[in-house]
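K.L.:
Okay, here's what each chain looks like letter by letter:
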Amino acid sequence: MRIVCPFCGERELGEFTYLGDAKPRRPAADAGEEAVYDYVYLRDNIAGPMSEHWYHGGGCRAWLKVTRNTLTHEISAVVPAAGAGAAKVDA
Amino acid sequence: MAEFSWDIRSPLDRTLVTGPYGARGEAGLSLTEIRNFDLVQAMARRGKAAEMAAAAKARFGVAAPETPKAVGNADATLIWSGPDQFFVLSKGGRHGIEALASVFAGSASLSDQSHARALISVSGQRVRAMLAKLSSIDLHPDVFAVGSAAATSMDHTSVTLWRGGDRGGQAVFNLLVFSTFAESLWHTILDSAAEYGVTIGHSEELA
Amino acid sequence: MKYSIFSLARAALSGHKNWQRTWRDASPKDRYDVVIIGGGGHGLATAWFLASEFGIRNVAVLEKGWIGSGNAGRNTTIIRSNYGLPGNTGFYELSMKLWERMEQDLNYNSMVSQRGVINLYHSDAQRDAYARRGNTMRINGIDAELLDLAAVRKMMPFLNFDNARFPVQGGLLQRRGGTARHDAVVWGYAHAASALGVDIIQNCEVTGFTRDTNGKVTGVDTSRGRIGAGKVGMAVAGFSSRVAAMAGLRLPIESHVLQAFVSEAIKPLLPNVMTFGAGHFYVSQSDKGGLVFGGDIDGYNSYAQRGNLPVMEDVCEGGMALIPMIGRVRLLRQWGGIMDMSMDGTPIIDKSPVEGLYLNAGWCYGGFKATPGSGLVFAHLIARDEAHKEAARFRLDRFQRGAMIDEKGQGAQPNLH
Ligand SMILES: Cc1cc2nc3c(=O)[nH]c(=O)nc-3n(C[C@H](O)[C@H](O)[C@H](O)COP(=O)(O)OP(=O)(O)OC[C@H]3O[C@@H](n4cnc5c(N)ncnc54)[C@H](O)[C@@H]3O)c2cc1C
Ligand SMILES: [Zn+2]
Numbered sequence: 674m675r676i677v678c679p680f681c682g683e684r685e686l687g688e689f690t691y692l693g694d695a696k697p698r699r700p701a702a703d704a705g706e707e708a709v710y711d712y713v714y715l716r717d718n719i720a721g722p723m724s725e726h727w728y729h730g731g732g733c734r735a736w737l738k739v740t741r742n743t744l745t746h747e748i749s750a751v752v753p754a755a756g757a758g759a760a761k762v763d764a
Numbered sequence: 103m104a105e106f107s108w109d110i111r112s113p114l115d116r117t118l119v120t121g122p123y124g125a126r127g128e129a130g131l132s133l134t135e136i137r138n139f140d141l142v143q144a145m146a147r148r149g150k151a152a153e154m155a156a157a158a159k160a161r162f163g164v165a166a167p168e169t170p171k172a173v174g175n176a177d178a179t180l181i182w183s184g185p186d187q188f189f190v191l192s193k194g195g196r197h198g199i200e201a202l203a204s205v206f207a208g209s210a211s212l213s214d215q216s217h218a219r220a221l222i223s224v225s226g227q228r229v230r231a232m233l234a235k236l237s238s239i240d241l242h243p244d245v246f247a248v249g250s251a252a253a254t255s256m257d258h259t260s261v262t263l264w265r266g267g268d269r270g271g272q273a274v275f276n277l278l279v280f281s282t283f284a285e286s287l288w289h290t291i292l293d294s295a296a297e298y299g300v301t302i303g304h305s306e307e308l309a
Numbered sequence: 153m154k155y156s157i158f159s160l161a162r163a164a165l166s167g168h169k170n171w172q173r174t175w176r177d178a179s180p181k182d183r184y185d186v187v188i189i190g191g192g193g194h195g196l197a198t199a200w201f202l203a204s205e206f207g208i209r210n211v212a213v214l215e216k217g218w219i220g221s222g223n224a225g226r227n228t229t230i231i232r233s234n235y236g237l238p239g240n241t242g243f244y245e246l247s248m249k250l251w252e253r254m255e256q257d258l259n260y261n262s263m264v265s266q267r268g269v270i271n272l273y274h275s276d277a278q279r280d281a282y283a284r285r286g287n288t289m290r291i292n293g294i295d296a297e298l299l300d301l302a303a304v305r306k307m308m309p310f311l312n313f314d315n316a317r318f319p320v321q322g323g324l325l326q327r328r329g330g331t332a333r334h335d336a337v338v339w340g341y342a343h344a345a346s347a348l349g350v351d352i353i354q355n356c357e358v359t360g361f362t363r364d365t366n367g368k369v370t371g372v373d374t375s376r377g378r379i380g381a382g383k384v385g386m387a388v389a390g391f392s393s394r395v396a397a398m399a400g401l402r403l404p405i406e407s408h409v410l411q412a413f414v415s416e417a418i419k420p421l422l423p424n425v426m427t428f429g430a431g432h433f434y435v436s437q438s439d440k441g442g443l444v445f446g447g448d449i450d451g452y453n454s455y456a457q458r459g460n461l462p463v464m465e466d467v468c469e470g471g472m473a474l475i476p477m478i479g480r481v482r483l484l485r486q487w488g489g490i491m492d493m494s495m496d497g498t499p500i501i502d503k504s505p506v507e508g509l510y511l512n513a514g515w516c517y518g519g520f521k522a523t524p525g526s527g528l529v530f531a532h533l534i535a536r537d538e539a540h541k542e543a544a545r546f547r548l549d550r551f552q553r554g555a556m557i558d559e560k561g562q563g564a565q566p567n568l569h
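The listed protein sequences derive, respectively, from chains A, B and C. Per the numbering used here, residue 674 is the first one in the first sequence, and the count goes up by one each step. Per the numbering used here, residue 103 is the first one in the second sequence, and the count goes up by one each step. Per the numbering used here, residue 153 is the first one in the third sequence, and the count goes up by one each step.
These aren't lab readings, by the way, just hints derived from the structure by calculation. Check the hints yourself; a few may be wrong.
[Said to hold, decoys possible] With a Cα cut of at most 20 angstroms, we get these calculated SDA-like pairs of lysine to any residue: (1) C:K440 to C:A412; (2) B:K235 to C:A412; (3) B:K235 to C:A473.
Treat the numbers as computed from the prediction; the structure is a model and nothing was measured.
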């Protein structure tokens with residue numbers, strides 16, 4: 674697996690760290706326990722294309738949003754995650 | 103109150119032994135630590151990348167790199183280090199953090215990295231063969247020309263790598279590494295270089 | 153058939169041409185009292201315990217591929233009960249005791265080898281943590297010994313003692329730990345369960361659940377047709393989220409890839425199972441002589457049953473740091489399996505919120521050692537509708553109640569467990 678960082682170009686996997694599914698959103702402060710439980714503990718655990726967060730810590734230190742097929746490891750898209758590069762993406 | 107006096111020395115001070123190393127005969131490469139430099143990292147404030155670029159242009163006469171490149175004028179090199187951020191490498195305080203503070207006021211956050219990094223310069227006939235053992239980046243001249251840069255890792259260690267101007271017809275590669283990792287990377291480089299023969303030295307001159 | 157010295161002699165006299173199949177490859181019937189999804193170690197062990205301990209023999213095990221094609225046949229075969237937290241300590245020791253009698257119970261040679269498991273420590277803090285774990289084990293009646301440097305040196309003189317970045321200081325040894333032959337465990341349970349009337353049905357993928365009007369599970373849809381069931385238990389390891397989703401459930405689980413490696417065969421070298429305490433590397437030597445080793449999970453979600461190079465590099469670096477001479481040994485094979493990583497690193501054995509569906513999941517990279525224990529407690533849960541006392545803490549709702557069993561103390565980030 675190699676990831677094409679939108680800032681650095683194609684790099685080996687060892688330069689990246691994985692966070693996980695990019696879908697869960699932190700619930701509002703008053704959302705209640707059920708929503709927090711869902712956010713912290715439950716996962717779709719998708720078998721197929723999944724949008725996920727990776728960190729290019731061994732490179733430009735940008736957070737990336739990678740679309741990757743968990744069945745084949747095929748990567749179809751890589752874009753900066755919100756906030757990566759102060760000017761480029763809306764936080 | 104006790105008076106402290108700081109003894110400033112290179113992070114490679116204890117490790118670096120000048121002279122030949124590894125295979126005998128004509129050295130395949132030279133390994134030089136550059137000491138006593140000023141290094142400032144500039145990172146654009148939110149939404150201020152264009153302003154930061156304009157400030158850099160006004161100060162240095164060249165646009166700060168927006169892609170992995172190293173550019174420069176006679177007395178400073180600007181090296182890309184990530185989206186909307188770059189290093190200013192210079193000597194003698196002219197572009198040190200104090201001098202740059204007013205230049206980037208409002209557009210970028212600055213941090214002084216002068217003593218936080220070691221700067222290692224490698225060149226010579228076998229330099230690409232040696233680096234190929236440490237780096238997964240394609241350093242072929244067609245792809246990684248003079249002025250190319252990369253934020254990458256060698257031996258699990260984050261480095262900023264860029265190709266300086268050729269010296270004596272040979273490619274020169276510069277590496278910035280965190281001071282505390284410098285010894286470890288230095289040993290790895292020596293292991294990798296030994297078979298080609300190395301001339302080790304240090305210098306105060308920026309390549 | 154029953155295996156013994158006499159059956160071996162008889163077969164030898166007839167030129168080994170009359171061996172019967174170890175177990176019966178069955179076709180599905182219309183209905184069973186209990187259907188178990190997943191023909192790995194856990195599914196087969198559950199079926200055997202249902203039949204042998206709880207008298208429920210009208211049981212089918214449905215396996216989408218062949219039995220043992222999942223993690224049961226891909227793991228590095230380490231068995232141990234050196235856990236430190238309430239819930240884990242008792243459960244894994246129950247399992248260890250079942251390993252010690254498995255071959256008699258099943259009438260099958262599963263090559264259980266109690267050669268010892270040693271966790272090496274490399275710092276004072278790590279020694280203290282291991283001492284604490286060892287004490288916890290001993291208080292709970294489990295064997296544990298804290299070895300100093302001299303004892304480790306005597307046991308394994310070939311480790312890198314003198315020139316290491318993280319010098320070995322000693323180790324925590326569980327002598328009753330060791331290895332078992334993973335395929336033989338699968339075949340042994342299949343053999344014994346089949347003999348008690350359990351149907352083992354291969355190439356039979358579960359594709360959905362049938363439910364009555366109250367939502368209770370009444371059976372499964374499979375690639376070999378619809379099969380009715382009084383109760384359904386799922387023991388599908390890395391596929392837990394996918395099968396649970398067929399019943400509308402989301403689980404506190406992520407699927408990750410773990411790799412294993414085998415070297416060419418060398419003369420007997422390693423006396424035990426050994427783990428490096430300053431990196432991700434553990435190793436044992438198989439009876440054929442190959443070094444069987446592994447390390448950390450790759451760290452990203454995966455259903456691909458294969459991993460990537462950074463972990464291979466990391467594992468080899470760990471190996472070289474600990475046993476420099478293995479640098480001369482060639483790697484023969486490498487593969488991956490899909491780990492059901494739970495949010496606290498501990499399994500879930502519980503009724504699901506859907507009536508009639510029972511969960512056995514979240515084994516992470518350590519479910520092989522749990523195989524007999526898991527079979528017993530899961531059979532208990534299915535048969536009696538109440539948790540076995542040694543599995544009472546493995547509840548699905550423990551995350552909601554704040555009763556996590558987080559042996560590593562990492563929090564809800566499964567790739568760090
Ligand atoms: C490389 C590696 C090393 C490991 N090392 C160790 C170790 O040293 N010690 C240890 O204790 N543990 C270890 N483990 C973990 C251990 O192997 C697993 O936790 C354990 O095997 C899981 O239980 P199981 O045997 O029932 O799983 P599996 O063998 O994976 O069984 C699940 C079965 O369910 C089947 N299935 C899935 N979906 C369906 C469906 N829809 N319909 C029908 N069938 C289905 C699968 O085909 C599979 O055969 C390791 C795992 C790996 C991959
Ligand atoms: Zn990058």
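K.L.:
Hints first: check each against the structure and report whether it holds.
P.N.:
Okay, the hints, checked on the actual structure:
no.	hint	verdict
1	C:K440 to C:A412	holds (16 angstroms)
2	B:K235 to C:A412	violated (25 angstroms)
3	B:K235 to C:A473	holds (19 angstroms)
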